[in-house]
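Residue numbers (our numbering), protein chains in the order written: chain A, 952 to 1138; chain B, 7 to 342.
Watch out, some of these pointers could steer you wrong.
[Said to hold, decoys possible] Partial selection, computed: residues in chain B whose CB lies under 7 Å from chain A:
id, residue
1, Asn84
2, Glu113
3, Ile116
4, Ala117
5, Gly119
Don't read these hints as lab results, they were simulated from the structure. Keep in mind it's a predicted model, so treat the numbers as computed, not measured. C-beta: ideal position from N, C-alpha, C; glycine also.
Listed below are the residues making up each chain.
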Amino acid sequence: MFSIVVAVLVGTVVLWVIVKYNNLVRFKNQATNGWKQIDVQLKRRHDLIPNLVNTVKGYMKFEQDTLEKVIQARNQAITAKGVADAAAKEDLLTGALSRLFALVENYPDLKSNQNVLQLQEELTSTENKISFARQFYNDIATKFNIAQQVFPGNIVANIFRFSPAELFEIQQPAERKVPAVNLSLKK
Amino acid sequence: MDISRYRVNIYEQQKANRRKTILVMALFALFLAFLGFGVDVFFFDVDPQSLFIGGFFPIATVTALLIGAGTSFWGLKNGDRAVLASSGASPVTDEPRFQQLRNVADEMAIASGLPRPKLYVIPDKDLNAFATGKDPEHASIAVTQGLVDRLTRDELQGVIAHEMSHIRNYDIRLMTVVAALAGAILLLSTWARYGMLFGGRGRKRRSSQRGGGGGVVALLFLVLWILGVILAPVIARVLAMAVSRQREFYADASGAELTRNPGSLAAALEKIESAADPTRSIKRGTAHMCIVDPLGRRMNLREGKVADLFATHPPIERRIRLLKAMAYEHPEVAGR
């Protein structure tokens, strides 16, 4: 009788460990996949930027500085290693790009150029995709990390040496800052 | 207006939706069985009492349920193609004029973590959109040309997010099955009506054999059944509409969760409403799938109990109010 009770208990524990382990593996794969989604979009952005710069540089002779900063930020971003590093460098690139787009507004020729419009749409979309993919990745990574930390799941996570996933966070102070809003009606 | 009803957490909503779905499907099945059972009793002369003794095979009841299952199965396999073909939709090409639509759909696919649905454009100037298919891996979104032409990027994103939510929540599968079951009920009630016109004999014979107390019950059932047959098209529609309306609010809310921008869908709905011409290329049978009622019926613009019962969609104004409330733009929320 006693041995049956023990067998049932041990069996239950083993089953529980298997279920928990499989859950963790599933989360891990989802997080890896989520990161790949971001990576694909980052690569796409890196590929699009030289096109954009080449298209606009003829018109924007007096904005060499801005253009160079975009190229620099892009070249830096390509060499990023790991989630945190990529997040920081991509944020710099995002900032440089948004300054470029703001300047494009000053050039009517550029604003009506079909090529530029298409590139701008592609980059806007890529930007959106990056932020949606980041959202999706962070959600999954958070779930994965919580599953590793709560009791008693943390025992299983420790035994099999799962490590928490890094979140893709905004690091640039400029992006964290609350934007200054001027509500005065003066033009 | 009760905003809180549509702002509970997503898992509770999904659970509640599943419960309601099962309830509605059960009602459809019951109604099909009821139609079939009447045929058994009145035309095939089966005594309902022998149901409990054995030796009774309700052939029409079983046939009715089989037809329901059959049409549902067919709908899941071919429904999306049939719906797309009937609205004259053609696949979105690589042309630059669809660049934004393709991009927005890609973005929403990423945001929801699903594969990108196939995209279709309906050559119609009106503003409308619908999603169809059997699951997220086999899903399609169709939008009218007018929608592509007249919405801004953000508004288009809001609409696609709404449709993407229908896909993510498996609404597309439910609506396909509901449409198929409503079709089955229409078919059966039509048969039953012809049966009543041409086959009254069996009924007379049986009532003369029995009579007494059982006769009253049988008569009552007969009256109910005839009413059921006559009202079947209306009942089927009310059931279908009930399912559809429930899902619209939820798709609005979870679409806003995808874009994190409820205001863009609200703006899109305002634009769509102000251009509320009937979308001619979308057939009546597809109405419950669209983002707004394509038939331009006034019911969807009005509020009230009767209007609520027959409309495929909740009043647009109420949807806009709820979306704006989510964006904290609404006076009730902002406390203005």
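Going down the list of hints, with the structure as the test:
Using the Cβ-Cβ criterion of 7 Å, the hint placing asparagine 84/B at the interface with chain A is not satisfied: the shortest such distance is roughly 32 Å. The criterion of a C-beta within 7 Å of any C-beta in chain A is met by glutamate 113/B, whose closest approach is roughly 5 Å, and the hint holds. Checking isoleucine 116/B against chain A: minimum C-beta separation of about 5 Å stays under 7 Å; hint holds. Taking 7 Å as the C-beta contact cut-off toward chain A, the hint placing alanine 117/B at the interface holds, the least distance being around 4 Å.
Given the 7 Å rule on beta carbons, the hint for glycine 119/B holds: about 5 Å separates it from the nearest Cβ of chain A.
Hint 1 from the earlier list is the only one contradicted by this structure; the remaining hints agree with it.
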